[in-house]
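Keeping their order, the protein sequence lines are chains G and A.
Residue numbers for the first sequence follow full-length UniProt numbering, so the first one is 1 and each next one is one higher.
Residue numbers for the second sequence follow full-length UniProt numbering, so the first one is 1 and each next one is one higher.
Since the hints were made in silico from the structure, they are not lab data.
A few of these clues could be false.
One copy or any two copies: either way a pair holds, since identical chains are not told apart in the list.
Said to hold, decoys possible - Straight-line distance between alpha carbons at most 25 Å, and here's what the computed BS3-like set of lysine-lysine pairs gives:
no.: 1; residue 1: K330; residue 2: K284
no.: 2; residue 1: K76; residue 2: K330
no.: 3; residue 1: K122; residue 2: K100
no.: 4; residue 1: K77; residue 2: K330
no.: 5; residue 1: K122; residue 2: K99
no.: 6; residue 1: K76; residue 2: K295
no.: 7; residue 1: K295; residue 2: K330
no.: 8; residue 1: K284; residue 2: K295
no.: 9; residue 1: K266; residue 2: K295
There are 2 protein chains.
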Amino acid sequence: MQARLTDDGIDVVVCFKPEHSFYITGFSPIIYSQPMIAILTPNHEPIMLVHALRDEHSRSSSWVRDIRLFGAWGDKKTAGADWQTALTSILHELGVADKKIGVEEEFISITCRRQLEDMLPKAEFVDVSQLIERCRLTKDPDEVLHARVAARIADVGMEAAIAALREGGTERDVCVTAMHEMNKFWAGRYPNVEVCDFGSFEGGVHNGLWVWALSGPRTFLNCDNPTQRRPLRGETVSLLSWTVANGMHAEIERTVAIGPLPDVSKRALDIILEIREEVDELMKPGTPWRDLFEKTRERLESLGYGTHTPGRIGHSIGLGAHERASIDAKSRLVLEPGMIVTLEPHIRIPSVCQTQISDTVLITDTGREYLTIATGGYIEI
Amino acid sequence: MQARLTDDGIDVVVCFKPEHSFYITGFSPIIYSQPMIAILTPNHEPIMLVHALRDEHSRSSSWVRDIRLFGAWGDKKTAGADWQTALTSILHELGVADKKIGVEEEFISITCRRQLEDMLPKAEFVDVSQLIERCRLTKDPDEVLHARVAARIADVGMEAAIAALREGGTERDVCVTAMHEMNKFWAGRYPNVEVCDFGSFEGGVHNGLWVWALSGPRTFLNCDNPTQRRPLRGETVSLLSWTVANGMHAEIERTVAIGPLPDVSKRALDIILEIREEVDELMKPGTPWRDLFEKTRERLESLGYGTHTPGRIGHSIGLGAHERASIDAKSRLVLEPGMIVTLEPHIRIPSVCQTQISDTVLITDTGREYLTIATGGYIEI
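One chain only, chain G, in its complex shape (with noise of 0.2 Å):
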C-alpha cells in the first residue's frame, strides 16, 4: 500500500473504515463508537489514533508501535479533547496538513468529510477507496493463515450442522447445535486467535461464529434467522457456515437433499457440482474472472438453465465476508497468487429449488487451494 501511495503522488492516507484500519493496524476495538483511526505515510511506519479508553487493548493487541490517544479518560494523557484536534496535529507533525490527503469518500460521511476540511483548509482531498481495496485483494501469508484457521472452523461447523441434520432437528437445532460446536473447537485449538467480527458503529460483533439453516420454501430467502421448522422429506437445506479468524473471513456452503429428491431439483444439484468442476479446471493464476461467470453462463444456457443464471458466481473474501470484487461479467481483475474468493455458481428456479453450494478458495502460484474442505458433492440423508 505504501508503494502504491508513492506511485499515486499521495502524502498520507486517514482511514476511519473497521475494515480498512484493522488492515493498517492489525486491531479491532471491537466497539466502534468512538473512531479508530489509522494513519499511513509512503515513508513512516503507520500511526494508530484511538480514544484514551482504548490504550490499553490497542498496545496489548497491534503491530502498530505508534499509539496516539485523544478524548479524557482518567489521567492518560492524549493528543486532544476528540480526535479532530489530535489529528490535525498529527498530520502537521508529519508536515502533510497541507498535502495531498487520501480518504475513505465510499466511507466516511459528508459530515465527517466537513470536518476534516474545516480542520485541514489547505489539504487537497482525494479518494483512496479503490486503491486500498485493491491492495486488500492479495493476501500477505498472514492474513492465508488466519483464513485457514477460519477455514478449519467452518468446516467443523458444517460437518455438525449436517450431523445435526441427520439427527432430525429443526433449523434452529441445527444452527444452535453447530455454532457451540465451532465455539468449542475454537476455544480449545486456538489460544491466539480472536473471533471478533466489524460491526456497525453503533453495536460491536464479539462473536463471529455462525451456521444458518434455511429448509425448503425457506431456501428461496437466501439469508435469514433460522426458525423452528423442521425440514421434511424431499426437501433441500441451505447451510451456511461463516467464520472469521483475526479478521479474515471463511464461508463454507452446502445444499443438503433430505431423502430422495424430486427430479428437477436433483438434476439441478447435479448440474451444479459438474459446473463446479469445470471452473473449478480454470481457478489459477492468469484466469480473468470475467472466465469463471462466462463458463457458468455458458453451461447453464446450454442446458436450458440461462434465465436463471446468477448475476455472479463469487466475490472476494478476506477481512471482508463479502469484498467489493465480484466474479461476474464485468470484472476486469486476473487471478493473481494470494487471492481468495468464494466460489459458488447457483441455480436458482423460483418457487421450485434453488442450490447453495460455496467454498472458500485460494489462488496459489500453480493453481488453486481449497481452505474449506468439509463433506462436499451430492449429500443426502
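Keeping the supplied structure of chain G fixed, place chain A upon it in accordance with the hints.
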C-alpha cells in the same frame, strides 16, 4: 417521525443506515452488500426499496406493503437496474424529486451523496440524522416488548456465565457455555424472534447473542475477545451479556469477585453499588439525564475517587447497542416514559481495579423498570 417531518417542512426522507431503514420498515436483510433503502414522506405509508434477490425475504418480514425492487434477479420485474435509477423514479412518482429531501449526513458516504445530487439536481438536501435519532430515543410498545425479550435472554446468559465461573472455567469456557445457554433458551422459547444484528456493509451479523468475560488485569481492556486465562483468587471478572431480539438490544454486566477481594477492590465495588441505588432514585420521568451523571460525580468526588470519574454513566439502548445519547455532563435530555437506557456508573483505578455493572432500564410513566433482573449486588464466588 412523520409529524416531525411535517414540522420541519421536509418532503421525504431517504434512509440508508441499517438501524434507520429497520426503524421505518421492520426489515433487516442481514447482509447489506446491496443497499436497503427506506423512503418516508409525511403523508404516505413507507416505501421500501431492496435488491430483487431480497424480494421474498422482505415480503416475509416487513410490515411495509409497498416494496419496490432494483437490480436483476432471474425473471423478477424491477424498477431499475440499479438503486439510483429505481430511487429516482420513485421520488419523481411521489412528486418530491425537486423538493426538500432528508438524508443521513452523519452516515451516508461522500460517494453516495454525490450520486444523490447527480440523480436529483433540483432537490434540496437537509440532514435528518438528529431528527431520526431523537425519534428512536422513545420506544413504542412493540419495541419495549422486544427489548424485554432481549433482556430475558441476556439474563439467561448472565446466570449461565456466573455458574460457569463458579465451576472454575476459563474466560472462554464461561463465554462459550453462556452463549450456548442463551441460544438454546432463544431457540426453544421464542419462535417469532430473530436475533440477527446490524453488521457492516461487508458482512452480516447472523446471531447477536454474546457473553464476554475479562478477568483480573484484563478487566482494564474494557472489551476484548475471551482468552484461555483462568481467573485467580482475589481477582474480579467482568461479565458482559449483550443480546438482540427483533432488532432491539439489551445488556447486563456484572463484576464478580473470585474469593475475598483486597480491600481496595471491595471498597470500590461497595461504593458503586451504593451510588447505583442513589442514582436509581432519580430514574423517573422529568429528571434531566445530566442529573444522573452529576449525582455520580458528586458521590465519587466526595469519596476521594474524583480523578476516576468516567466520561458517562450510561447511554440510550434500542436498535443500537450503543445509541448516540449518553448520560453525561453535556446531555440536555430529560427522562421520558418509553426511553430505555443502560445504567452503568463505574470506578476505574488504573492497574488496581475496575467495576463493570450495568443494567437495561425502561423509564415508565411513574418511575423505572429494570428489564435485566439477573443476580445483582455484590457477587462473590
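Cross-check of the supplied hints:
no., hint, result
1, K330 to K284, "within (19 Å within a copy, 58 Å between copies)"
2, K76 to K330, "between (51 Å within a copy, 21 Å between copies)"
3, K122 to K100, "within (9 Å within a copy, 32 Å between copies)"
4, K77 to K330, "between (51 Å within a copy, 22 Å between copies)"
5, K122 to K99, "within (7 Å within a copy, 34 Å between copies)"
6, K76 to K295, "between (59 Å within a copy, 24 Å between copies)"
7, K295 to K330, "within (14 Å within a copy, 61 Å between copies)"
8, K284 to K295, "within (14 Å within a copy, 65 Å between copies)"
9, K266 to K295, "within (21 Å within a copy, 68 Å between copies)"
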